[in-house]
Structure formats: C-alpha cells, structure tokens
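Here are the chains, one letter per residue:
2 protein chains.
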Amino acid sequence: MRITRVEKITDLKHLNLFSMEYRDRKEQEKTWVYASRKKIAPDPDRADAVVVVPFHVREEKLVVIKEFRVVLGGYQYGFPAGLVDPGEDLIQAGKRELFEETGLKLTRVLGKSPPVYSSSGMTDESVSLIHAECEGAPSSRFNEDSEDIEVMMLSREEAGSLIKEPGLKFDVKTWIILNTYASKGIL
Amino acid sequence: MRITRVEKITDLKHLNLFSMEYRDRKEQEKTWVYASRKKIAPDPDRADAVVVVPFHVREEKLVVIKEFRVVLGGYQYGFPAGLVDPGEDLIQAGKRELFEETGLKLTRVLGKSPPVYSSSGMTDESVSLIHAECEGAPSSRFNEDSEDIEVMMLSREEAGSLIKEPGLKFDVKTWIILNTYASKGIL
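Just so you know, the protein sequences line up as chains A and B, in that order.
All residue numbers for the first sequence refer to the numbering used here, where the first residue is 1 and numbers rise by one.
All residue numbers for the second sequence refer to the numbering used here, where the first residue is 1 and numbers rise by one.
These aren't lab readings, by the way, just hints derived from the structure by calculation.
Heads up, some of the hints might be wrong.
Each pair may be met inside one copy or between any two copies, as identical chains are not told apart.
[Claimed, not checked] Derived pair list, reagent style DSS-like, types lysine-lysine, alpha-carbon separation capped at 27 Å:
#1 K38 with K13
#2 K112 with K30
#3 K26 with K13
#4 K8 with K30
#5 K66 with K30
#6 K66 with K26
#7 K30 with K105
#8 K112 with K66
#9 K8 with K38
#10 K61 with K112
#11 K164 with K8
#12 K38 with K112
#13 K30 with K61
#14 K13 with K164
#15 K61 with K105
#16 K8 with K26
#17 K66 with K105
#18 K38 with K26
Just so you know, these numbers come straight off a predicted model, no measurement behind them.
Between the sequences and the hints, there should be enough to build the whole structure, so can you do that?
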C-alpha cells in the first residue's frame, strides 16, 4: 500500500477535507477522504491536542468536566483538553487547558502518552494524554464565552455510577478511563 | 448555549463537512465546522462504528492489529474495528469485523460500552466498544483489498514493551487499554 497524492478539497479556516490517493495491495488506485485541521502534512512528533487526566490529590478524586459540545448539541463528559497552541509544549498546553476549563492547578505530571490517533479512519488528529496531579478549588470563571463547563470530582464509586447512567454522552477516552478507574478492569 | 442551524457544506460520498450555528453563553452567534459520515442528524442511540477488544482465551493474550492506515500514510496499532452496516446490530458488526480483519471467531461478549464519542471537537463520530473472548488461528485471508493487516497477540509484558517502542503509531483507545493491560494503572 502506498500514498500517491494528497489534495486539500475545501478551504475553511479551522477544519478541512483532504483527498488522499493510494494504491491498494492489488495496485488498484483508490481514494480516501479525511478531515484535518492541518495546513500542511502532519508532523508525527507533535500532537494536535492535549488531554489532561487530572487527579485531585487532596480530594482523592478524578476530575471530569461536563461540557457543552456544539457538535453533539448537548453536554458531554470528558477530560479537560484542547489544541496545543503554536510555541507551546505539551505540558504547558495541559496546564493552561486545565486551568481555563476547571480553575485547577496542575502540580505534578505522573505520565504521558506519545501522540496517538483519535480515529484514523476519518482524521489525522492526534492527541497526547497527560496523567497529572492537581490542586485548588474548581471554578468556571476562566472559561471562554464559547465554553460552558461544570467541573466534577469523582471517587471510584461515583465514576462507576456515572458511566451506568443511561442517556449521558461520554468522550471515548474518558469512558474507558472511568470504567477502568471504577472497576479496575480493562473494559 | 443552543444550536440554531446546521448546514451540510460539502457533498461527498463518505465524509462531509457540516457547519453548525449556535449562540454562546453571551448570546453571540458563532459557527462550528465539523466532519460527519452522516446524511442526516445523528442518532445518539446507535454507534457509527464498533471497536472489538478481543482476548484470545487459549493463548491468554490480547489481540491487536497492525494495520495500514491511508490517512496516516503508515501502519497503526489498533483493535479490530469498522462501521456498523445498515441492518446489523452492534454484536453482529463486531463479529464480522473481528473475523474479516483477524480470522478469529468471537465466542463470548464480556462487556460493551454505550455509543461514545471519538473526538467531539471535530466530529460527531461515535463508537461502541465490545470486550470479547475469541478463538481460532489468526489469518489475513479475509482482508479486503484495501486492508493490509498483521494480527498480533500480546501478553501484558509484550503490550508494555510495544507501547514503549519509539516511532510507532497507536490508536488512542488501543494505547490507553494496552497501557492499562500492561501496568494495571489508569494511564
């Protein structure tokens, strides 16, 4: 399998469609359309976005946000996250997003992932996860106007109840981690 | 926050851009562009895609595939996954995808997630995860022409080594689950 050509087929500000031509295992020419925020070819060493998995040390709870997601037309449970700004490194972006979205202060990084891919059937978007300790009192004072966020702190039991409630929307990463946190199983 | 209008702004076969107009917390009109495979408004009760987290009982190993991803122009480590076909239920889709991509037979469902969202900043794509047992010998005989897949079976130790290897590409869900499987920690 090999890529023969990439073409940007829309010209919007934040998100565009690209068409990639490739040859399959039988050398047949095929096309794959995907969405990307990038202006140029992807840089595999740099994640587009950071996702913070914050543990509040004093409360001994995992921090999750309930956030209005325009695309879903409703509230979604997820972790604080956002695009890495130009000039920022991953940890700086994680600290900033955590503070803007929750008012909490990142105090210690426990682990981080390399750039990993959100859904490579439809987008080249990559994220890095940061597992971190935090402190402070939750606040939505630092939200942007387009943000509508409620901060939640969850014990293992509370996480287990939350993911069992019918009708709620979860980010997939958050669901997997809450499920693990609740039950200590893989899924 | 509320949605006032949704418009489809491209007209391609599999993936399109949509523009959503909404009012933010201060009643300012704003626009959010996102990618979707849908022709109509999303159905929150039905996942677009299924992801199978297969455990091979006889080998006592987790099954992961190394698959060529056109969008990434290279190989990615992930779980067997694919779109749910019309008329199929989630488990049927999971069985089919597992067999097509690995030659393995799903024998028991251990757990499943509700539809959860891949990356709701840029797409309405939802997936359901199925944690399942499987049996049989891995084979790429049932791959489609556009699929280029190697099946891997991983012990906890092998999973730990794989995610530490520099330069490899991972699907985010797979990375989180492999990391948990390897270390039994959250991240």
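We went through each hint and held it up to the structure:
no. : hint          : verdict
1   : K38 with K13  : both (10 Å within a copy, 22 Å between copies)
2   : K112 with K30 : neither (36 Å within a copy, 34 Å between copies)
3   : K26 with K13  : between (37 Å within a copy, 23 Å between copies)
4   : K8 with K30   : both (16 Å within a copy, 25 Å between copies)
5   : K66 with K30  : between (41 Å within a copy, 21 Å between copies)
6   : K66 with K26  : between (47 Å within a copy, 19 Å between copies)
7   : K30 with K105 : neither (48 Å within a copy, 30 Å between copies)
8   : K112 with K66 : both (23 Å within a copy, 22 Å between copies)
9   : K8 with K38   : both (10 Å within a copy, 21 Å between copies)
10  : K61 with K112 : both (19 Å within a copy, 25 Å between copies)
11  : K164 with K8  : neither (41 Å within a copy, 34 Å between copies)
12  : K38 with K112 : within (23 Å within a copy, 34 Å between copies)
13  : K30 with K61  : neither (49 Å within a copy, 35 Å between copies)
14  : K13 with K164 : neither (38 Å within a copy, 36 Å between copies)
15  : K61 with K105 : within (14 Å within a copy, 39 Å between copies)
16  : K8 with K26   : within (26 Å within a copy, 35 Å between copies)
17  : K66 with K105 : within (18 Å within a copy, 38 Å between copies)
18  : K38 with K26  : neither (30 Å within a copy, 30 Å between copies)
Going through the hint list in order, the structure does not satisfy hints 2, 7, 11, 13, 14, 18.
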